[in-house]
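Below, each chain spelled out in residue letters.
There are 2 protein chains.
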Amino acid sequence: MSNILDKVNSPLDLKNLSVDEMNMLAGEMREVIIKKVNTTGGHMGPNLGIVEATIALHYVFNSPQDKIVFDVSHQCYPHKILTGRKEGFTNLDKYYTYTGYTNPQESEHDLFKVGHTSTSVSLAAGVAKARDLKGETGNVIAIIGDGSLSGGEAFEGLDNAATLNSNIIILVNDNDMSIAPNSGGLYGNLRLLRETKGQAECNFFKSMGFDYYYIEDGNNIEQLISAFKKVKDINHPTVVHMSTLKGKGLAAAEANKEGFHWILPGTLDKNNDSAPAAVENYCTVTNDFILNKIKSDKTVFAISAATPGAYGFTPEFRKQLGAQYMDVGIAEEHAVAFASALAKSGAKPILPLMSSFVQRTYDQLSQDLALNNSPVTMLIHWGAISGADATHLGCFDIPLISNIPNIVYLAPVNKEEHLKMLDWALEQTEYPVAIRVPFGELVSTGVEDTTDYSQINKFKVEEEGSDVAIIALGNFFKLGKQVKEKLGFNATLINPHFITGIDEELLESLKSNHKLVITLEDGVLDGGFGEKIARFYGNSDMKVLNFGAKKEFTDLVPINELYERYHLTPDLIVKDIQECLSLQTV
Amino acid sequence: MSNILDKVNSPLDLKNLSVDEMNMLAGEMREVIIKKVNTTGGHMGPNLGIVEATIALHYVFNSPQDKIVFDVSHQCYPHKILTGRKEGFTNLDKYYTYTGYTNPQESEHDLFKVGHTSTSVSLAAGVAKARDLKGETGNVIAIIGDGSLSGGEAFEGLDNAATLNSNIIILVNDNDMSIAPNSGGLYGNLRLLRETKGQAECNFFKSMGFDYYYIEDGNNIEQLISAFKKVKDINHPTVVHMSTLKGKGLAAAEANKEGFHWILPGTLDKNNDSAPAAVENYCTVTNDFILNKIKSDKTVFAISAATPGAYGFTPEFRKQLGAQYMDVGIAEEHAVAFASALAKSGAKPILPLMSSFVQRTYDQLSQDLALNNSPVTMLIHWGAISGADATHLGCFDIPLISNIPNIVYLAPVNKEEHLKMLDWALEQTEYPVAIRVPFGELVSTGVEDTTDYSQINKFKVEEEGSDVAIIALGNFFKLGKQVKEKLGFNATLINPHFITGIDEELLESLKSNHKLVITLEDGVLDGGFGEKIARFYGNSDMKVLNFGAKKEFTDLVPINELYERYHLTPDLIVKDIQECLSLQTV
Chain Z
0 MSNILDKVNS PLDLKNLSVD EMNMLAGEMR EVIIKKVNTT GGHMGPNLGI
50 VEATIALHYV FNSPQDKIVF DVSHQCYPHK ILTGRKEGFT NLDKYYTYTG
100 YTNPQESEHD LFKVGHTSTS VSLAAGVAKA RDLKGETGNV IAIIGDGSLS
150 GGEAFEGLDN AATLNSNIII LVNDNDMSIA PNSGGLYGNL RLLRETKGQA
200 ECNFFKSMGF DYYYIEDGNN IEQLISAFKK VKDINHPTVV HMSTLKGKGL
250 AAAEANKEGF HWILPGTLDK NNDSAPAAVE NYCTVTNDFI LNKIKSDKTV
300 FAISAATPGA YGFTPEFRKQ LGAQYMDVGI AEEHAVAFAS ALAKSGAKPI
350 LPLMSSFVQR TYDQLSQDLA LNNSPVTMLI HWGAISGADA THLGCFDIPL
400 ISNIPNIVYL APVNKEEHLK MLDWALEQTE YPVAIRVPFG ELVSTGVEDT
450 TDYSQINKFK VEEEGSDVAI IALGNFFKLG KQVKEKLGFN ATLINPHFIT
500 GIDEELLESL KSNHKLVITL EDGVLDGGFG EKIARFYGNS DMKVLNFGAK
550 KEFTDLVPIN ELYERYHLTP DLIVKDIQEC LSLQTV
Chain L
0 MSNILDKVNS PLDLKNLSVD EMNMLAGEMR EVIIKKVNTT GGHMGPNLGI
50 VEATIALHYV FNSPQDKIVF DVSHQCYPHK ILTGRKEGFT NLDKYYTYTG
100 YTNPQESEHD LFKVGHTSTS VSLAAGVAKA RDLKGETGNV IAIIGDGSLS
150 GGEAFEGLDN AATLNSNIII LVNDNDMSIA PNSGGLYGNL RLLRETKGQA
200 ECNFFKSMGF DYYYIEDGNN IEQLISAFKK VKDINHPTVV HMSTLKGKGL
250 AAAEANKEGF HWILPGTLDK NNDSAPAAVE NYCTVTNDFI LNKIKSDKTV
300 FAISAATPGA YGFTPEFRKQ LGAQYMDVGI AEEHAVAFAS ALAKSGAKPI
350 LPLMSSFVQR TYDQLSQDLA LNNSPVTMLI HWGAISGADA THLGCFDIPL
400 ISNIPNIVYL APVNKEEHLK MLDWALEQTE YPVAIRVPFG ELVSTGVEDT
450 TDYSQINKFK VEEEGSDVAI IALGNFFKLG KQVKEKLGFN ATLINPHFIT
500 GIDEELLESL KSNHKLVITL EDGVLDGGFG EKIARFYGNS DMKVLNFGAK
550 KEFTDLVPIN ELYERYHLTP DLIVKDIQEC LSLQTV
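Protein chains in written order, with numbering that gives the first Met the number 0: chain Z, 0 to 585; chain L, 0 to 585.
Nothing false has been slipped in among the hints.
Any copy will do: because identical chains look the same in the list, a pair fits if it lies in one copy or spans two.
In silico lysine-lysine, PhoX-like type, Cα no more than 25 Å apart, as pairs:
1) 574 <-> 510
2) 297 <-> 133
3) 318 <-> 297
4) 318 <-> 133
5) 457 <-> 480
6) 133 <-> 292
7) 228 <-> 247
8) 549 <-> 510
9) 294 <-> 133
10) 549 <-> 457
11) 247 <-> 269
12) 196 <-> 231
13) 228 <-> 14
Hints in this document: simulated from the structure, not taken from any laboratory.
Turn these sequences into a full structure, and let the hints guide you.
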């Protein structure tokens with residue numbers, strides 16, 4: 000039997016295939032996706048679910064003349080395979096050649112770099128409007144997963160796309176799942192539409208003004224082709240709602256949809272019986288804390304915004320939280336406003352968010368939360384300079400959060416501080432508090448932290464010295480210690496604890512026997528922590544060197560390369576310090 | 000005839016009124032609202048439309064045990080009158096006593112400080128969840144105008160509120176208007192529901208999972224009371240959709256809904272024949288520019304997000320823009336993503352946004368726009384330290400925008416620079432560009448600006464001097480000139496043009512004959528422009544003083560008081576400079 004995939008190098012190669020051949024192709028694509036993702040790690044379930052739809056799309060439509068806009072784009076692997084990037088999945092040596100998301104630099108078939116969800120409809124509306132302004136033709140197709148529909152941007156996009164008066168096709172890939180199970184009122188309507196095969200009169204998409212088509216089996220190539228042919232070149236905004244099976248074709252992924260949304264390398268090779276022993280980390284200690292609190296206080300309430308796995312909220316843990324937990328879905332804006340009102344009404348909400356996703360809720364942090372001074376406890380995870388792809392960088396949360404009035408943003412450096420800060424944040428009623436959960440391996444002193452964190456902006460002098468003071472924030476406290484050791488004289492080492500303000504008294508006192516203050520922060524320098532210190536000393540003879548990341552989007556750059564680039568190694572920092580000091584003595 | 004309003008000092012005083020008396024009360028309230036708003040300026044139409052509903056709410060429900068959460072809260076004047084703050088409307092001397100929005104510091108009947116739209120449902124959901132956690136009872140009512148429904152946060156709130164499984168009542172005040180006429184697919188459904196008296200099967204709210212009630216005449220107290228009694232103490236999420244007349248009872252406001260959404264003092268006293276002569280200002284010159292561009296280039300496209308009046312997009316101007324203009328409604332997230340895709344597809348979008356509302360779209364600025372490097376032209380209006388209420392401050396846009404990679408944020412200081420920057424932004428294809436439109440009276444040099452803005456981060460030395468360099472950004476360039484004059488020696492005056500980066504070469508060169516650099520910015524210092532300069536000089540002998548606002552929410556504090564507080568007058572700045580210089584010579 001000949002291999003179909005071998006012959007498919009571009010969407011054009013699909014045009015003469017029979018349905019049988021396309022089905023064979025789907026099987027072959029699935030095989031290489033499973034093998035590749037199990038080797039490198041990555042999004043498994045979302046891609047397996049959309050193989051047939053991607054084939055049918057490229058069969059019926061003519062990309063890149065017709066424009067396909069992916070949402071979040073973690074379901075673009077089949078698309079990549081069909082648009083000239085097959086080798087990234089068939090050739091072990093090329094497994095790391097292409098990113099996990101759409102990328103216009105890789106292919107003319109990719110329109111945008113996207114990694115955050117809920118953006119495809121707005122983006123497609125802009126593509127369609129530009130087409131109309133220029134008097135061009137062609138189809139514009141937005142693909143959006145059901146989980147992404149709960150995001151406010153998707154709704155705003157739908158509300159506007161519905162009024163475009165020209166061709167725009169929204170393909171809703173409904174697999175009845177976000178990363179975790181869906182929640183939200185809208186999902187009741189999707190269920191109703193699935194159950195009635197799209198016939199129910201009460202239809203969310205129709206209520207928004209869309210024409211509406213339903214595909215019962217979104218993994219059936221014939222059904223898909225038939226529906227896509229009906230809507231091709233349609234002259235008004237249209238939703239095509241298809242029901243697909245997340246993880247299709249991989250029994251383990253079909254059975255455990257959440258676990259196989261994204262997997263680590265080698266997941267399929269592991270023996271199920273040998274579950275890894277629970278290792279203590281910042282998630283486990285946080286979650287133990289939450290569980291204890293919840294048992295003794297019925298007003299403690301944990302919220303997740305669709306990514307519970309990112310902070311160790313396993314299905315088992317969620318079960319233990321019971322009615323004192325809610326996953327609000329991809330809806331960070333709601334999560335913050337909801338938490339603010341809970342706090343203002345006397346409850347004690349805990350809201351973990353990933354650094355990269357905090358970005359979606361700036362206004363709510365400012366207006367709903369900070370302006371009302373609601374005592375919410377937020378946990379910011381994955382806040383760090385990293386080798387992540389450009390869409391999931393965790394280095395911007397400090398400028399974002401710390402320049403909003405009223406919020407207290409804390410940076411613990413070990414388990415004991417983290418737990419003490421958590422406890423203080425949860426039990427106080429004066430401030431919105433965010434804690435930047437340490438990134439990396441757990442550090443424990445074994446000694447209870449007795450700091451009184453109600454003394455806002457009080458820095459801690461860990462080791463008193465002279466000449467040079469090292470203010471080492473959060474994740475980079477360890478780096479600060481290394482720098483001190485390498486310097487070879489007794490520099491002062493400061494753990495500032497607070498990101499949102501400065502300890503003016505302490506900084507003032509350093510002037511008497513220090514010439515240089517350096518700041519270390521695990522994030523972008525612009526608008527960050529160190530600049531506040533530089534501003535403070537602007538008027539004085541104190542020299543200041545700020546160490547952190549440059550303001551730039553980096554894309555899968557290895558972390559050590561970034562550390563070199565930003566001078567974030569002990570050697571490079573010491574060299575910069577010595578240069579600065581030698582300049583002064585000249 | 001006795002005056003009912005005289006006897007009403009709290010919601011309790013309504014309980015024994017007859018419907019006739021409540022109707023009389025509505026008339027009396029309308030009268031004082033019209034008089035007060037015409038005297039002080041403020042929101043007119045929204046408040047006139049909701050008088051009856053507010054009376055009926057306080058008649059049926061028992062605030063503050065029952066919790067009423069206002070959206071945007073610019074329709075809270077009747078509520079303020081009924082909850083002990085009547086004098087703010089009846090007594091000329093107290094006209095300025097109360098803010099234009101809900102404020103918990105004023106009354107136990109106000110739950111949150113809110114000024115941005117689309118927040119009430121999420122906030123109410125939190126209030127309801129806290130009630131349930133604490134085992135309490137009572138109704139939680141969110142009031143939301145139809146215009147606010149288009150905001151993503153409102154949708155996220157609805158999607159989650161629908162799943163609460165307990166009492167939450169969403170009162171949708173549908174007057175068929177945002178500030179400007181509504182746009183968006185959802186409004187077709189609201190129209191259908193109005194036309195069918197709530198009977199249409201295809202129902203947006205039902206599709207989200209809500210129970211649904213319709214009030215045909217939302218200005219009819221009997222109908223309102225009857226409906227509110229039906230939903231009082233209901234045990235599941237419910238929407239009450241009422242049709243009201245914006246501006247009800249004031250002929251001019253009923254006829255000109257947009258013009259009377261918010262009015263200036265004395266609007267009703269003006270002779271309609273004596274329209275003010277068109278005075279050139281930054282809005283008119285911007286809009287003349289846009290109009291010219293649109294005539295010659297069919298790909299130029301202007302976008303507004305529900306506040307066209309704030310940047311002088313009058314109904315007449317919008318008509319002239321024709322098909323090259325779209326109001327996307329209260330949907331800033333969509334606006335930015337939409338504009339990004341337009342630009343990426345070869346069109347030339349222009350997107351004006353108010354400083355305070357840019358906050359709602361941080362993630363889209365970062366992910367949809369900056370990461371894709373889409374050449375959108377944004378105009379940031381009302382970016383300035385101001386005496387505004389705490390919910391509409393314009394001093395946070397610099398930290399918000401300028402710390403995102405790739406975006407070029409420009410600060411013109413006069414008409415000629417503004418127009419040159421606009422033209423450059425629109426015609427280049429390399430960067431997302433935002434222009435901070437000067438705030439205040441138009442300044443014109445009469446000389447064409449020939450700067451090449453493609454030389455990114457190139458500052459302009461306006462007047463060369465020595466010892467002290469004044470880097471005066473945007474609105475504060477004039478202040479910089481005043482400082483220079485007052486200093487009495489030849490200081491250097493620099494107009495930086497660029498907010499997002501620094502001119503390292505120039506800053507380096509200043510070291511040779513300057514001891515002090517001061518920065519002036521019309522915004523909050525934390526995370527802002529001046530700190531980047533302070534960081535640059537941290538390693539050198541150059542002293543730096545940053546002038547700008549403190550990181551705080553101010554609420555209707557007179558601007559001159561803020562200037563004193565922040566040392567933003569020529570006298571105070573000169574004094575600080577002299578102190579700094581004298582310290583150095585000691």
